[in-house]
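Protein chains: 2
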Amino acid sequence: MREIREETVSFAVHDLRQFVTALLAKAGMDEEKSAAVARLLVLTDAMGRRTHGVAMLLLYLKEIQNGTMRTHGEPEVVRDNGITAVWDGDYLPGMWLVEKAILQAMPRAAEHGIAAVAIRRSHHIGCLAALAKIAADQGFVALITNSDPAGQRVAPYGGTEALMTPNPLAFGYPGEHHPVLVDMCASITTTSMTRQKVAEGKLFDHPWLQDANGNSTRDPAVLENTTPRGSLLPLGGQEYGHKGYGLSLIVGALSQGLSGHGRKDAPKRWGGNTYVQVMSPDLFAGGDAFAEQMDYLSDRCRSNKPINPLQLVRVPGDAAATSIAQAQKHGISYDMAVWTGLCGWADKLGVDVPVSP
Amino acid sequence: MREIREETVSFAVHDLRQFVTALLAKAGMDEEKSAAVARLLVLTDAMGRRTHGVAMLLLYLKEIQNGTMRTHGEPEVVRDNGITAVWDGDYLPGMWLVEKAILQAMPRAAEHGIAAVAIRRSHHIGCLAALAKIAADQGFVALITNSDPAGQRVAPYGGTEALMTPNPLAFGYPGEHHPVLVDMCASITTTSMTRQKVAEGKLFDHPWLQDANGNSTRDPAVLENTTPRGSLLPLGGQEYGHKGYGLSLIVGALSQGLSGHGRKDAPKRWGGNTYVQVMSPDLFAGGDAFAEQMDYLSDRCRSNKPINPLQLVRVPGDAAATSIAQAQKHGISYDMAVWTGLCGWADKLGVDVPVSP
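Here the protein sequences line up with chains L and P, keeping their order. Using this note's numbering, read the first sequence as starting at 1 and increasing by one per residue. Using this note's numbering, read the second sequence as starting at 1 and increasing by one per residue.
If we strip away everything but chain L, and leave its shape as in the complex, we get:
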């Protein structure tokens, strides 16, 4: 194994994909779903979004083992009028489900300009930017929002009781060299960042949470280890968190309201509701006109005089594109903690662990 640093091991993208596919397949997931989830988890790591990549397998494999992530079957089509649709995902793998929704929506958008799918009761959908990239790579504009009605981590602005999830939102569109990929959530920080800080015993640099009394704090433990529990602050924090709160309601309406499933149903298992919308610039003012305006805007952003001369202004998606190119060339490295966990599963499931190039 090629060692990047002492505590990491590195593998070729192709080998990782095969390894992850095999782990999922041996755990019981059908071929198509295993391949899709593996491809997207590895892509996520390649993009540099490490909290949502192959490390998620450690959780996914447990979910499969518990029977709480379904491994076979199709979503139930609750409604479909040819342009908009509602699916019940029955806790099938979220990445596979959303990719399927995008693949359905793209030809519809190519014909009608716009198409949407609201998916209820999916399992975890992973990195939204990796999913938006599927449509943006094909010349489409994509909006993806997600919420988990089983989770309570963000209080409404001015409140103290965690009620909503971070409610992520991704938006992708084609760019001159690579897609522009916006991926953000309606809270300042995320569940996975908070868990990471707790695990490392570290504080956040800024007060991005609040305790149960509404005092803002840098301590991630208020979300995980205190009673009564605190919450993640909405985007804008205590200064202007009505904006993050508003964004959270938008994500909620699209993913829960339109899919007809949400907090009222009080689900207790890990999952998510997702709204997927695809648009074709060709059916609006034209793909060339879109590119002309948006590439110009991207160029003007990148050439904007930076605050720090050593840190040029980037367009969302730039770092991911660089990271993907690096991953293709040098492979992707993993912390030993994550890798050891995966090797444990490989051993248990009888899957060969890849060898470093």
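Not one of these hints is a red herring.
Below, a list of computed lysine-lysine pairs in the DSS-like style, where the Cα atoms sit at most 27 Å apart:
#	chain 1	residue 1	chain 2	residue 2
1	L	LYS348	L	LYS26
2	P	LYS268	L	LYS305
3	L	LYS305	P	LYS264
4	L	LYS348	L	LYS62
5	L	LYS264	P	LYS305
Some chain P residues well away from chain L (every beta-carbon gap over 10 Å; in silico):
#	residue
6	ASN66
7	LYS202
8	THR226
9	THR227
10	GLY341
Listed next, with one range per pair, are the computed distances between beta-carbon atoms:
#	chain 1	residue 1	chain 2	residue 2	range
11	L	GLU7	P	ARG269	53 to 63 Å
12	L	LEU59	P	ALA221	46 to 56 Å
13	P	GLY48	L	THR322	40 to 50 Å
14	L	GLU76	P	VAL198	50 to 60 Å
15	L	LYS329	P	ALA221	46 to 56 Å
16	P	ALA319	L	GLU239	15 to 25 Å
17	P	GLU176	L	GLN196	36 to 46 Å
Because the hints were derived from the structure by calculation, they are not lab data. Glycine included, each C-beta is placed from N, C-alpha and C at the ideal position.
Fit chain P to the given chain L structure using the hints.
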């Protein structure tokens, strides 16, 4: 005139509507447009969004006088496939144009689930929440985004040169008692708030702008009165402004990319590009299912234990609904400075000034 405080005068909603309609009509705007713009400006004041209400007339009447806001005619339909459309607004009154787009999109959404109009070269569209309310009042979900490619007020995250506008986004959906209306922008504060602070000679409470070197500041003058000029900070400020920057690009792609007009064209006159999207919950999981989930969420927000026991948690749109009820009962009051300006125009155009009830 009924005096609310010494410096304000108050008028009945109906009288205000008539007055504003007459001012616009006498300034040369056709009947339908005058009535629509008047109705929406007065509604905006009734909702409590005072920076974007009847006070805007002082600017609009000047624009009409200068020939930079068109008063007659229809938008050019650049493209229309029955579900999505692109209009060239030719600097017709923005509120009238967007209402027209919503009125076209609602029956389309009722038939197909979703419909959208991208409008290039509109004039100012005013308060986005007042526009989203039109669709939400009829049971639809509405998304409206707007940007002005002639304005430079927000730098991309990490940059120092103002490039984008605050890029507002509104989202409305039906609620049990009144619509939920989210209306926010991708910067922390707005152009009109900044101008107001400059006029009052006041600083912001928090550093919501940055100077030309990228130092964050509470001083609104950096945007208006300094050379080189500063900028409004994106949502998230210097801590996590990549989120506001991302949101700004989303608004830009929808309003400029899809409409095929933007910064590349370097327009020099006040205007805006707008994206209007309407969805029918009936064509997704159903209006009842939507209401069940979203009303439940609203209730859970309102009953959330507040940080300050005297300040209950609100849902966006609650304050507007209360304000509208108050305005219907007690009328709307205006600062003498604004009212005197309007009286000057009334005198000039030969319009009777209303009498207070």
